[in-house]
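J.: Sequence:
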Amino acid sequence: MVYALWAAVVVLAVLCVLNLALGLGIIRRLREHTERLNGLYEQAGGAPPPSLLPGETVPEFEAGSRLRGRTLVGFFSPSCAPCKELAPKFAELALTMPREQVIAVIAGFRDEAGPMRELLEPAAMVETAGPDGGSMAKAFKVAAFPRVFLIDDGRTVLATGHDLADVLALTAARG
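Taking the UniProt record's numbering, the leading residue of the sequence shown gets 1, the next gets one more, and so forth.
Where hints are given, some of them may not hold.
[Claimed, not checked] Think about it this way: if two alpha-carbon atoms lie no more than 25 Å apart in a straight line, the pair counts; the simulated DMTMM-like pairs of lysine to aspartate or glutamate are: (1) Lys84 with Glu100; (2) Lys138 with Glu56; (3) Lys141 with Asp153; (4) Lys89 with Glu32; (5) Lys138 with Asp111; (6) Lys84 with Asp163; (7) Lys138 with Asp152; (8) Lys89 with Glu60; (9) Lys89 with Asp153; (10) Lys84 with Asp153; (11) Lys84 with Glu60; (12) Lys141 with Glu112; (13) Lys141 with Asp152.
Hints listed in this document are in silico derivations from the structure and should not be mistaken for laboratory results.
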């Protein structure tokens, strides 16, 4: 009986050592992959720049004269599932604001942007840009869709986020 107990303890100890060795191997491998990924980012010139952040000023751009007063700006893509989910909420919020203070930019070709354009047009001034979002997306440094900005009359970003809740929460926090 005692020999069986000792055998069980030895087997358990061997399993623990094996588990420890495998865990250390996994950690070493993850470090190697992290270094490789960081190397790729450096070769590509770093990570893509984030969009404009609260407090930053929107630079001049082609359609910039459309930014008047406190403006809600949304960037959408018709092929993006989160965009399709956010667009009706954006349109609902936009209806509470003067139409000239709401801009929706749809990144895509006119034929694929049709349904989203029909949804947003009653509430916002809608611009259909190419797949990259056009000059407005470049000015706002939009790297992913959807993206929503609230701009004050001095072209300063008050709030930004991928969801209206983020933007509204930041706006409420800033007063």
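J.: With reference to the structure, classify each hint as holding or not holding.
T.: We went through each hint and held it up to the structure:
1. Lys84 with Glu100: holds (22 Å)
2. Lys138 with Glu56: Given that 25 Å is the threshold and the Cα spacing comes to 14 Å, the pair holds.
3. Lys141 with Asp153: Holds: Lys141 and Asp153 sit about 19 Å apart, inside 25 Å.
4. Lys89 with Glu32: Distance ~43 Å between Lys89 and Glu32 Cα, so the pair is violated.
5. Lys138 with Asp111: Answer holds: Lys138 to Asp111 is near 22 Å, not above 25 Å.
6. Lys84 with Asp163: OK: Lys84 and Asp163 at ~12 Å, within 25 Å.
7. Lys138 with Asp152: holds (19 Å)
8. Lys89 with Glu60: Violated. Lys89 to Glu60 sits at ~28 Å, over the 25 Å cutoff.
9. Lys89 with Asp153: Roughly 23 Å between the alpha carbons, so the hint for Lys89 and Asp153 holds.
10. Lys84 with Asp153: violated (29 Å)
11. Lys84 with Glu60: violated (29 Å)
12. Lys141 with Glu112: Judged against 25 Å, a Cα distance of about 23 Å means the pair holds.
13. Lys141 with Asp152: holds (17 Å)
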